[in-house]
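Single-letter residue listing:
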Amino acid sequence: MQKTILMGNEAIARGAYEAGCRVAAGYPGTPSTEILETVAATTKDIQAQWSPNEKVALEVAFGAAVAGARAMAVMKHVGLNVAADPLFTFSYSGVNAGLVIINADDPGPWSSQNEQDNRHYAQAAKVPMLEPSDSQEAKDMTRLAFELSEQFDRPVIVRITTRIAHARGIVTLEPRHDVPLRPLIRDPKKYVMIPAHAAPRHRFIERQMKTIQAYAETSDVNRIEWGHKKRGIITDSVAYQYVKEVCPDDSVLKLGMIWPMPDALIKVFSEGVDELVVVEELDPFIETHVKALGLAVTGKALLSLCGELTPALVDQALNGTPPRTGAAYPTDLPPRPPQLCKNCPHEYVFQILKDLDLTVVGDIGCYTLAALSPLEAMHMQTCMGASIGMHLGFEKAQGRALAERSVSVIGDSTFLHSGITALIDMVYNQGTGTVIILDNRTTAMTGHQENPASGKTLMGEPTVALDLGAIARAVGVSRVTTLDPKEVKELRRVIEEEIAMPVPSVIVAKRKCILKK
Amino acid sequence: MTNVIFAGVGGQGVILSTKVLMHVALSQGYDVKESEIHGMAQRGGSVDCHVRFGEQVHSPLIAPGTADFIVALELLEAARRLDFLAPQGRIITDTRQIDPMPVLTGQMTYPDDLADWLDHHSNACCLVETGPALKILGSSRVLNVVMLGVLSQYLTFDAETWQNSLKATVKPQHVDLNLHAFELGRTLLGSS
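Protein chains in written order, with the working numbering: chain A, 1 to 517; chain B, 518 to 709.
Keep in mind that the hints were calculated from the coordinates and are not lab data. Backbone N, C-alpha and C define an ideal beta-carbon position, used for all residues, glycine too. There may be inaccurate statements among the hints.
[What the hints assert, rightly or not] Only part of the chain B face toward chain A is listed, based on derived beta-carbon distances under 7 Å:
#, residue
1, S576
2, A580
3, R597
[Stated by the list, open to error] Pulled from the structure, derived: some chain A residues nowhere near chain B, Cβ distances all over 10 Å:
#, residue
4, A196
5, S373
6, A397
7, R492
8, K510
[To be verified] Keeping only pairs whose Cα atoms sit at most 25 Å apart, straight-line, the calculated DSS-like set for lysine-lysine is:
#, chain 1, residue 1, chain 2, residue 2
9, A, K516, B, K688
10, A, K291, A, K210
11, A, K189, A, K126
12, A, K342, A, K210
13, A, K229, A, K267
14, A, K189, B, K684
15, A, K486, A, K510
16, A, K486, A, K517
17, A, K486, A, K516
18, A, K44, B, K652
19, A, K456, A, K512
20, A, K210, A, K229
21, A, K3, B, K688
22, A, K3, B, K652
23, A, K230, A, K300
Here chain A stands alone, though its shape is the one from the complex:
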């Protein structure tokens, strides 16, 4: 078997390939983006696609799984918020061929608007969740997830974090497992979730989760590594690696399946050690469960709820090791924050918005960097597609006076992700705001992925390129201007004219990303 070095994301792509996955859909988002890029670049056996957003991606993958193909949906942690609606009901339906959701959390956070802990989704949606702790496990658990999905009739989530996604390690490659397409079975009691069908399915999935829990008690996906009996550590994900690094002699219970949890195994482990500690990033997910089993345990009393763990933090918390550190320069070194590129087309827009002293309701993308020095020309930003709705809220609160002193700003891919419905709301509910769509012809922030306006698919095929101005007109915006933001005088004139008009308007500032070849 060939050994190679793979990033966690590449290992997941490989795992899907080896598992006989046929369909993969997702939306780009750090730290998950390379998974589908790797799929598209390395195999034609999987139909891979960028969907307009994570909800649609999950729906496509679910449809494919019901139609008999092993399928995978890929997204970052906040993407699963967008896809949560289908997730909770697909959970009731279950699958035909295996359905795996790859979910990448971002403790830190390094490249995200929050550091939510998505282990909670497994419990809330009643689906099994696996957590690899390095690249080899990322590949192996992706394969296992497909098996479990079919064995137990559940979607299965594989949760990774930045330190799994963007870490590299040695992986043993295996050949693709040929899994035949299953026939589509019309089964309304399973796939049409009206109340009369949902109630019995709920009882079914509660029984299924008990069955999976029994599997978790004996499967080697969870394992006890006995060391000395003085202290036992329960841990998951990359935290397991930190524990092995700094507490090599302690007993360890490694949870590879974080939900459902193996209660009996946890009790056996707890009885074998004098003191029980949980080492986990973010929320006390394991700790709370262990406490509910009536066991004495320490966790977040020692470790922070916020940010990533590191070997040094675990060493300090568990062993009392004082932080080791080399020299530090006596004064603050100038930081090197990411910044808009030189000659970025977005810069022209934000310079004008700054000069006009407008309040800017922003969105997610490279252009969010305009909130930072030197531009400091964005005043609100929350999640994908939120700008236009929040901007309408501004107007509902303060009326026309604020609408004519503010704009919402959203990128092309973000507009297609979830900005369109908010624009419909602005038109329908008689808002008069000005929306600027920064159309740089690509999904730039995550590394230039194709999108429905770029004219190409993830697999590199030419396709229809949606016309953003036409979409705006179609949903009822009568004043739509498309122009090159480099024409700054004209752009400024149009912005001033549109904010003064008491009707909704859209300005498409269209110019190719400076980094795009």
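Add chain B to chain A, keeping to what the hints say.
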């Protein structure tokens, strides 16, 4: 266990350096892991990669005070990681300065004593002047591989192993340039 931190600015090719070193370690039978933060790399932010190789590697992250080598492609990025250097560790840094945004906007100044300071606060410090080598190579894009050549003088792997890993890692059309960059790096030593 050997711990190496590569540091630089987005676009300098820090990640390629780590891939080559990892390939070398794998080819010599070591376990090897790496962790990187690159989400913002394309936008000119700081990039650093931790590489660890040895009998068995658990954590992909290096703890402060335990790096055997810090290989930096820019002075400020070297200084930023000095707290990771082990007491017996070695800094290998290019002496170039790339002004970050707070310096460009005049809010902060680029410290003018970083090279001296690094030299005084480390057990071993190689301040590498890569300008002449890059002039011969005709491309500053291979600075990462020149610095890998410098690093290779302090590790036990032979030149052929490095060359094979370079060939396996870089794009075919860039192999010759990278092999040349590596060779020149092997002739460069720090000023102290």
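Hints violated by the structure (listed by number, smallest first): 5, 12, 14, 18, 20 and 22
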